[in-house]
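There are 2 protein chains.
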Amino acid sequence: MQNFEYYNRTKIIFGKGTEALAGGETAKYAGRVLLHHSGGHAVSSGLLETVKNSLKEAGVGWVELSGVKPNPRLSKVYEGIDLCKKEKLGLVLAVGGGSVIDSSKAIAMGTLYDGDVRDFYDRRQIPAAALPVATVLTISAAGSESSTSSVITREEGQLKQGLNAECIRPVFSVLNPELTYSLPPYQTACGVADMLAHIMERYFTREPHVELTDELCEGTMRAVIRNARKVFSGGASDYNARAELMWAGTLAHNNLLGTGRVGDWASHNIEHELSALYDIAHGAGLSIIFPAWIRYNIKEDTPRLARFAAKVWGVDGAFYDYEQAVMEGIFRMKNFFRSIGLPVSFADANLPTDRIPEMARRAVRFGPLGNYRKLDEKDVEAVYRIAAE
Amino acid sequence: MQNFEYYNRTKIIFGKGTEALAGGETAKYAGRVLLHHSGGHAVSSGLLETVKNSLKEAGVGWVELSGVKPNPRLSKVYEGIDLCKKEKLGLVLAVGGGSVIDSSKAIAMGTLYDGDVRDFYDRRQIPAAALPVATVLTISAAGSESSTSSVITREEGQLKQGLNAECIRPVFSVLNPELTYSLPPYQTACGVADMLAHIMERYFTREPHVELTDELCEGTMRAVIRNARKVFSGGASDYNARAELMWAGTLAHNNLLGTGRVGDWASHNIEHELSALYDIAHGAGLSIIFPAWIRYNIKEDTPRLARFAAKVWGVDGAFYDYEQAVMEGIFRMKNFFRSIGLPVSFADANLPTDRIPEMARRAVRFGPLGNYRKLDEKDVEAVYRIAAE
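Quick mapping for you: the protein sequence lines, in order, are chains A and B.
Residue numbers for the first sequence follow our numbering, so the first one is 13 and each next one is one higher.
Residue numbers for the second sequence follow our numbering, so the first one is 13 and each next one is one higher.
Simulated from the structure, these hints should not be mistaken for lab results.
All values derive from a computational prediction rather than experimental measurement.
Please note that a few of the clues may not be correct.
Copies of the same chain look alike in the list, so a pair counts if it fits in one copy or across any two.
[Claimed, not checked] Computed list of lysine-lysine pairs in DSS-like fashion (alpha-carbon distance at most 25 Å, straight line): (1) Lys-97 / Lys-311; (2) Lys-81 / Lys-346; (3) Lys-390 / Lys-311; (4) Lys-23 / Lys-40; (5) Lys-311 / Lys-346; (6) Lys-346 / Lys-100; (7) Lys-323 / Lys-242; (8) Lys-68 / Lys-23.
Construct the complete structure from the given sequences, taking the supplied hints into account.
Following this line, the structure appears as structure tokens:
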């Protein structure tokens with residue numbers, strides 16, 4: 013087991029009706045805030061109204077900034093920074109999913125920085141301070157509600173860039189599983205792929221002594237798969253199934269499941285090129301890329317891949333050799349993704365294959381990807397090719 | 013799943029050699045601290061010297077208070093409070109195990125309170141503030157290093173009393189598994205029983221929809237059992253086995269495993285009377301009480317008890333009916349405890365049985381115990397009787 017630090021200060025307020033608590037919690041940090049959202053479902057569902065009433069009751073003022081799109085754009089971030097500076101706002105309250113939260117984190121950093129917030133995403137500067145960020149979560153997926161990450165898309169060159177910084181970890185997050193009942197099934201499915209990917213990125217490690225976190229990862233993945241099946245078998249409004257998914261989405265990415273090990277993270281970077289270029293949902297990109305990544309690595313620490321097949325996908329080791337077990341695990345994983353409406357190949361998502369060399373080149377622009385196995389441009393291209401088969 | 017708040021701000025610094033980081037971390041909170049320890053192994057092993065050097069390098073001064081005993085005493089707490097007040101100390105740094113940490117927490121609360129710190133343990137007052145507490149942990153057991161609990165023994169009347177308060181949750185805890193190599197096997201074993209008990213208290217709930225946390229509980233218990241076996245099969249200095257136990261001990265009691273449910277906690281209270289009266293280790297008391305508690309409750313939600321037997325103790329459901337499975341699980345649990353040198357009955361620990369009625373009466377002095385099943389005085393006496401069989 014490797015030395016580690018574990019620290020997660022996000023206060024989670026979880027359960028039915030908890031969005032009404034957002035105002036009181038916000039008031040502990042600021043008297044006026046930026047209320048950031050996409051403007052779509054958060055408005056039409058009445059959620060935003062509930063949050064505003066809660067702010068009002070707590071005596072908290074706000075300035076509103078809506079219009080965040082999936083794969084959030086830098087242009088919107090600049091708007092938010094200007095507002096926060098001009099209006100002297102003290103916290104960014106994100107009402108939405110990963111995109112709104114990631115945009116809020118960028119705004120929070122940019123507000124307390126004199127230069128261009130792009131410097132952080134370009135890795136020219138390390139963010140030292142940010143306004144407090146808080147969230148009212150509307151989709152179980154990115155785990156951004158208690159993580160240090162933010163991913164932003166720059167319009168010019170369709171560049172998707174991510175970073176991690178402790179200062180942007182939300183101070184609190186309100187999680188009401190009821191808010192996810194009305195999500196389009198495709199969004200629920202993308203969220204499931206995203207949270208499974210966050211766990212798999214941590215699970216696939218070359219550190220051999222991580223028994224406890226292996227157990228935690230496997231148990232969380234099993235719970236996600238079982239409860240996703242419930243939601244997609246007529247359980248869209250099954251509170252408990254939705255609650256299991258929502259809590260799992262947070263735990264998947266709050267770094268508890270990564271303690272004592274170095275994860276991989278190549279698949280995330282390989283996927284980012286897909287969603288940057290074709291604007292498909294991150295989760296859908298992951299359901300295409302991850303099975304291909306495992307297939308490409310089948311000779312790399314095959315026993316761990318076979319354990320994954322056994323513990324997560326129920327492949328009985330007694331009936332398979334290691335490689336066969338891994339192949340059977342990939343088969344079951346793809347079936348699962350397809351059963352909840354996700355693509356598992358370029359063709360499933362109607363993606364062209366002609367820009368694969370370009371995506372491979374861009375994916376490795378900061379150097380080789382991954383830790384489970386270092387992937388260079390040629391390897392990344394091979395993963396795309398498997399996904400395109 | 014029930015609504016919950018989850019918040020744990022303790023920073024965990026985990027791994028080899030990490031005790032040397034204690035000074036730098038302490039300096040973020042205070043310039044002069046109370047250095048609290050038992051005076052025994054922490055001194056002879058050189059650990060205290062390392063911590064002092066680390067404080068010195070970070071420019072942190074200290075006043076030392078040693079002599080904490082297992083089942084920590086209120087008299088020592090008063091000494092600490094006097095020192096903190098007189099010397100104007102800004103943090104209590106516990107170097108030791110659960111007893112030293114619990115004593116430190118009591119001192120931290122008492123220092124910022126004008127009345128008698130007993131008021132908190134007597135439930136006459138709720139603690140609102142405390143000095144920051146930090147720990148360098150020397151035994152994997154109580155989970156006190158990131159929990160809100162403190163248990164203190166009052167000499168008069170041999171009364172053992174516990175409380176929970178957010179203000180005494182340690183701000184940071186240094187966990188180096190190497191420090192546990194030299195523990196007497198009996199102490200390691202007691203720690204194993206303590207952490208298993210912390211998980212079982214949460215696991216045994218009547219809330220039916222807690223799939224994810226059930227998975228996390230079961231996985232953590234399996235990891236504890238497997239790695240305890242390694243440590244007791246010649247692996248006293250097996251870093252990875254010690255590390256799994258140490259991290260498990262923290263997770264067992266940082267309340268992650270209790271989210272979305274109400275746990276039981278009767279066994280802890282039933283045990284407290286044993287260790288208060290006979291001064292046996294808390295863990296040894298738990299290995300006596302817990303199997304008896306399960307046996308007494310075998311008709312209460314038997315499928316959950318059978319699931320425990322199956323998932324944690326490997327009892328194959330195909331070969332047993334529910335009650336048989338539970339009995340087989342109890343049998344395996346007792347065997348496990350015995351195999352690591354723990355008592356599983358009054359006789360094993362040479363405890364007399366003549367004060368059972370008195371212990372039962374005292375155990376319920378604040379009302380019936382437990383949530384899985386409410387136990388009154390008669391029930392508690394019955395649990396003691398099973399343990400005395």
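Now for the hints, and whether the structure bears them out:
1. With identical chains, the CA atoms of Lys-97 and Lys-311 are never at most 25 Å apart, being 53 Å at best within one copy and 63 Å at best between copies.
2. Neither within a single protomer nor between protomers do Lys-81 and Lys-346 lie at most 25 Å apart by alpha-carbon distance, with minima of 28 Å and 57 Å respectively.
3. For the homomeric pair Lys-390 and Lys-311, the shortest alpha-carbon distance inside one copy (17 Å) is at most 25 Å, but the shortest distance between copies (62 Å) is not.
4. Proximity of Lys-23 to Lys-40 under the C-alpha cut-off of 25 Å is found in both arrangements, the shortest distances being 13 Å within a copy and 22 Å between copies.
5. In the homo-oligomer, the alpha carbons of Lys-311 and Lys-346 lie at most 25 Å apart inside one protomer (20 Å), although the nearest pairing across protomers, at 42 Å, exceeds that limit.
6. When the C-alpha separation of Lys-346 and Lys-100 is checked against a cutoff of 25 Å, the pair qualifies neither within a copy, at 49 Å, nor between copies, at 63 Å.
7. For the identical chains of this complex, Lys-323 and Lys-242 are neighbours both inside a copy (20 Å) and across copies (22 Å), given an alpha-carbon limit of 25 Å.
8. For the identical chains of this complex, Lys-68 and Lys-23 are intra-copy neighbours only, at 22 Å inside a copy versus 34 Å across copies, given an alpha-carbon limit of 25 Å.
Of the numbered hints given earlier, the model fails hints 1, 2 and 6; all others are met.
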